[in-house]
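Sequences are here, hints too, so could you generate the full structure?
4 protein chains.
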Amino acid sequence: MSLQNPVFIPGPTNMPEVLRKACDMPTIDHRSPQFGAILHPCLEGVREVLKSDSAHIFILPATGTGGWEAALTNTLSPGDGVLAARNGMFSHRWIDMCQRHGLDVRVVETPWGAGLPADKYEEILKSDRDHKIKAVLVTHNETATGVKSDIAAVRAALDAANHPALLFVDGVSSIASMDFRFDEWGVDAAVTGSQKGFMLPAGLAIIGFSDKAMKASQSAALPRTFLDIGDMAQGYANNGYPYTPPFGLMNGLKLSLDMLRDEGLDNVFDRHHRIAEGVRRAAAAWGLELCAQSPDLYSDTVTAIRTPEGFNATDIVTRAANEYGMAFGVGLGEVAGKVFRIGHLGSLTDAMMLSGLGVAEMVMVDLGLNVKLGSGVAAAQEYYRHGSSKAEKAVA
Amino acid sequence: MSLQNPVFIPGPTNMPEVLRKACDMPTIDHRSPQFGAILHPCLEGVREVLKSDSAHIFILPATGTGGWEAALTNTLSPGDGVLAARNGMFSHRWIDMCQRHGLDVRVVETPWGAGLPADKYEEILKSDRDHKIKAVLVTHNETATGVKSDIAAVRAALDAANHPALLFVDGVSSIASMDFRFDEWGVDAAVTGSQKGFMLPAGLAIIGFSDKAMKASQSAALPRTFLDIGDMAQGYANNGYPYTPPFGLMNGLKLSLDMLRDEGLDNVFDRHHRIAEGVRRAAAAWGLELCAQSPDLYSDTVTAIRTPEGFNATDIVTRAANEYGMAFGVGLGEVAGKVFRIGHLGSLTDAMMLSGLGVAEMVMVDLGLNVKLGSGVAAAQEYYRHGSSKAEKAVA
Amino acid sequence: MSLQNPVFIPGPTNMPEVLRKACDMPTIDHRSPQFGAILHPCLEGVREVLKSDSAHIFILPATGTGGWEAALTNTLSPGDGVLAARNGMFSHRWIDMCQRHGLDVRVVETPWGAGLPADKYEEILKSDRDHKIKAVLVTHNETATGVKSDIAAVRAALDAANHPALLFVDGVSSIASMDFRFDEWGVDAAVTGSQKGFMLPAGLAIIGFSDKAMKASQSAALPRTFLDIGDMAQGYANNGYPYTPPFGLMNGLKLSLDMLRDEGLDNVFDRHHRIAEGVRRAAAAWGLELCAQSPDLYSDTVTAIRTPEGFNATDIVTRAANEYGMAFGVGLGEVAGKVFRIGHLGSLTDAMMLSGLGVAEMVMVDLGLNVKLGSGVAAAQEYYRHGSSKAEKAVA
Amino acid sequence: MSLQNPVFIPGPTNMPEVLRKACDMPTIDHRSPQFGAILHPCLEGVREVLKSDSAHIFILPATGTGGWEAALTNTLSPGDGVLAARNGMFSHRWIDMCQRHGLDVRVVETPWGAGLPADKYEEILKSDRDHKIKAVLVTHNETATGVKSDIAAVRAALDAANHPALLFVDGVSSIASMDFRFDEWGVDAAVTGSQKGFMLPAGLAIIGFSDKAMKASQSAALPRTFLDIGDMAQGYANNGYPYTPPFGLMNGLKLSLDMLRDEGLDNVFDRHHRIAEGVRRAAAAWGLELCAQSPDLYSDTVTAIRTPEGFNATDIVTRAANEYGMAFGVGLGEVAGKVFRIGHLGSLTDAMMLSGLGVAEMVMVDLGLNVKLGSGVAAAQEYYRHGSSKAEKAVA
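Residue numbers (our numbering), protein chains in the order written: chain A, 1 to 396; chain B, 397 to 792; chain C, 793 to 1188; chain D, 1189 to 1584.
The set of hints was computed from the structure by calculation and includes no laboratory data. Errors might be hidden in some of the hints.
When the alpha-carbon atoms are kept at most 30 Å apart in a straight line, the in silico DSSO-like pairs for lysine-lysine are as follows [to be verified]:
id, chain 1, residue 1, chain 2, residue 2
1, C, K813, C, K924
2, B, K611, B, K530
3, D, K1209, A, K21
4, A, K254, D, K1560
5, A, K372, B, K528
Which chain A residues face chain C? A few, computed with CB under 7 Å, are given here [to be verified]:
id, residue
6, P26
7, T65
8, A221
9, P223
It should be emphasised that the depicted structure is a prediction, and the values quoted were computed from it without experimental measurement. From the three backbone atoms N, C-alpha and C, an ideal C-beta is built for every residue, glycine too.
Here's what the structure looks like:
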């Protein structure tokens, strides 16, 4: 597959070369002040991206999965109740993780393509009189279906039920690409990784904990060492780390945060929205429907597009890779073969997106779908023509 | 301007990252065998790209302009006659260089957009009974107009006139992207640079000399030191160089030659042809004419597209850069403001080209040209759909 | 601190630039065959480094600490007995991890500077008639003290006791730098990381499991998800990974394994021994003693040097960093302030080591220690003079 | 040869990785403002390094040899008189270049190891009543012998003779490493390259012209195009370049100038002096003499060390490369086999220098010279101990 073409998998994303160069550091002594000069700007910058004044930030040498596990094991004890909805592959995996750790998960089965049911959450929380539920889990952006959920509504459900459960949010494919409001939404644990909105290689789990979550960590009985945030906090307090830190990746994160700040977080979100909207208009021009059930659910980082009955959507991904050297995402789990996914997060320009849409069109025509060459591209172009300059400049 | 987008200037070209990494070498001792292990594969590989068995290859730390000057000063003496046609900016510059060196240039003025007039060359050569003309200059590919000339025809003209003049070819924007036959065409000096078909940074002038040109160098009286191929040949014979060599760039060239060999030279030329043909079909779909006067002249590395009377073609380039972060080429010299140029040489995929065409369309619509969004892209897609895989894979 | 100077901390080690460049990859689709082409050579190469025919290799996006936790949680259940000796900071940490996971640790307190007491292990194992001890933990190379332990002796103890406990070895600072014999020693779980002998950035936990350990993983009740080797094995079987893999680092590991193979594992070990022996002779020339109690315990990857009573060894490290831009290791835990450490593992040449010894001498003289400038360097030179060429060449 | 070890050839020098990364740029449009943002800081920074207010700076895609040729051809006409002394290989080459260009060179033969004879220059200039001598050539630092000449004295000679000749200075191995005063010394053309004090790859000829030299360029009749500073000046005035510029190398130069400014030019010179003095003390400790005849001539960028009669100094260089993977410089021309050279310019720390001295000692002992291991290192250490911190920090 060509390394010249951009990728359109929903993460890891296209990485600006300048970020990769920042990651590519010679060895430093991680017990020297050089490390502190990398660590602290990372912690501050992530807090800023979360729109939080007080979140406790932890950066672990792991992936988003490790971040989820850190959120659970640092705050909960075996047998604790957890409330979660399953509306895609990633919410499914989180539920599975809870079960492996002996948590008592109340699963709300939800159609793949629907958002998280805040009303059902409220109902269940209200009925949980003795507060057996210790944590509510929410996937902000279901990468499998391209569905964005309403975290504020879940917070409102908790508040309406006057329920003390912690609110955990999987923001792996939303944070740094879509608006995220840790403080305003009353999030207790937010989890993401380096390889999505931060435009870096995989290898960092990035998490934010509220004071309440920090307090919970003191009595949490699930075992952990590598992912223990107490050790991590103690290290940070001494400009250190509990073990060898991935200082190169963290140095990249430091620069990524500078880039996001330079572009302006709201401009970053606007750019993601504009590029995503172009993709959606292209899909409409192709006569295809989205997996996401309604416009309020449309994700600005990934679009899952349904193909006609009887057509194997995975063929699009395979042919794009083999014939045109371009990577898209396959459907996962329940929607395997029914959707293909176009990732459009991280470091991306309108021009790059046009190449993705152009290739997708060629592939669909090759495979006999009733799609007109240039149609989706034109729909996106018409949208992109109105307002590209601001964001383009910022991606330099 | 975005560094994420590909560039569509007709050189320097998009550089595969792996080549840039090969250039980025720590310091070696250039008097050690490490240097010879870089130098000799370069010399052999360039010879292969020129399709020559016997050309003497020289790699100078200069640009194409330095390469031209090396060709002249190493073979000619003040007052020598030179035959050249002017059909674009680069042929113009070569004529100017000859004049600065006190050569007696017979200039055949030729329309910009036309090819080199082999018939006029033949006429002039036949009338040059006492062989005052020592060299015939030909620009293989006029980067300013997107016109490819017929070197074999010029060789035939020389042969028909039974004229002993040396045949010099500027292959800066053709070699390694379009077919070039040093031996078959009886070329005496071929000149190119690192930053076009070789997909490297500028900084290497790459030249091939025939035995006849080598012989001429022994009596050539034009002064030179930095560009002296005698010093260079002596250095090479000892695995060395007459001064500090640009070993990093040369290490990149070594890998570039491997990549060209791996893809297969003919596949490289086919890929350039396919991508170029897509661009030409897009231009036709836009209702625009090419600067090149007829299909036999169409260049496979750069297309100069005429815009309607009264429209400033340079505005397209300016707006593409400022609003969409993408670089195209302006018209130069006689065709300034009348054409804009799309470079499509070096490391390029169909997908990348679609992004260039997509942006060009948006810009033209923005500027009020009567162009339909998606029309050029669709024309290119239709062409690209039939046969991309072979070359795509090779560009990895 | 200078980034030009080599580092002499006992890991992360000096990284060959070519390895860092291999890590610095553009994004690939980790669900494509491109990933399998990175993964499988890594698994095979690590197995080779472990000198095993059958070990099951797992490469996790974590550090050595994560690797230890993976070894424990994938094989043991809460309350299981574990036998371990504490003879330094890293064996201490492993014991602490076991306790956090609710394992019943039998700790053999051992002087810092001594090796692991195989005889006491044997005694305890023999007395453990009902086989409550499920795992025996051994730190092959105590990075804190520069002490190498005898794994074969521990295996012999297990065999003498006819005890079925699993044998776990922390090889973080030994594997790929010192001889390691997974099969011959009957190791059940070996753990290392990317940032030591493999000369890469931190970020990969690399572990090998025996068939017996794999079998244990089926009934192990300690909870885990991120570090679950069952998920990992299932991913590998499909050329995949249970989540986003750190493909860049793994691509670096693939090249690192090639480099180790090219140099020859035994040559790598010889080089480490030679460089280490030079350091030890320098220490003797300075009149200083090693932390390691006897020559059979001397580590070839790190040397901990005792300073005279009343002198704060940490001052050496601080001054070397501040005044000469060079990083050495401080004493940890019980030997804090009593020793300083010189790391000499990974990518290192005799010449680099001389610069480290030269700086250490200057620092010690600056601080008033009774050391003669040039004395340690001369002792090392005398040793290095006899046999450098083979390994030097291989480190290119 | 090891790429891990520093090099001690007198250029190209050890390159800070951060500079190489700055050179390694993706393609930009060199006709866009992005290029001007690289070019102008380079011109200003070089002027600052030359300690000039008014020098016209030109940066050509060539090497120092090309820079010399640019100085000559842009200011002189065939038959012009030139005064030059030959005291080493590089002054020899400059004289040869003048002769190839048909200049009338008055050569003052000078012992290799001596400085330029300002008194003889004065004598000759005084006797040149009709001012046939148009230029006086001076090699500031003879890289072949490690001899620094006194430019101010040559200026004084010109002034004493009231002679209008231009003063040309080859500062290839001095500028940016040793004090250079363009304005104060009344230099008319200064020439250097990217690969020495600027710590970059070879590929840029960097020259400064006085107003007087600029005026001379208008009537200079030596032919040139590639190296024509008139074209260059016209390009710069439009933020452009007369042909494709080596923007990557220039981007590296821009950063190099920032690094020199950050360290402080005088600190850079002090650091070079300190490191050089350590090397000289080492040579004294070895009982060896320098090629430079007296302390006032000692170069701070390269030291040429004489070996005893009957010993082939080149063997040292060969053995260091083959057995220890380290590069030193051989003797050239008249002193071939009689001296070996240690380069100590550009990016270098005391610690790196100690490794070079340490290896040199091992090699000399290996080859049977009467040298004591550690002796030279100790002499350098003693000197380096007093004052390293300031400069070390700056080289980070």
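Verification of the supplied hints:
{"no.": "1", "hint": "K813/C with K924/C", "in the structure": "48 Å, violated"}
{"no.": "2", "hint": "K611/B with K530/B", "in the structure": "13 Å, holds"}
{"no.": "3", "hint": "K1209/D with K21/A", "in the structure": "7 Å, holds"}
{"no.": "4", "hint": "K254/A with K1560/D", "in the structure": "49 Å, violated"}
{"no.": "5", "hint": "K372/A with K528/B", "in the structure": "62 Å, violated"}
{"no.": "6", "hint": "P26", "in the structure": "5 Å, holds"}
{"no.": "7", "hint": "T65", "in the structure": "4 Å, holds"}
{"no.": "8", "hint": "A221", "in the structure": "9 Å, violated"}
{"no.": "9", "hint": "P223", "in the structure": "4 Å, holds"}
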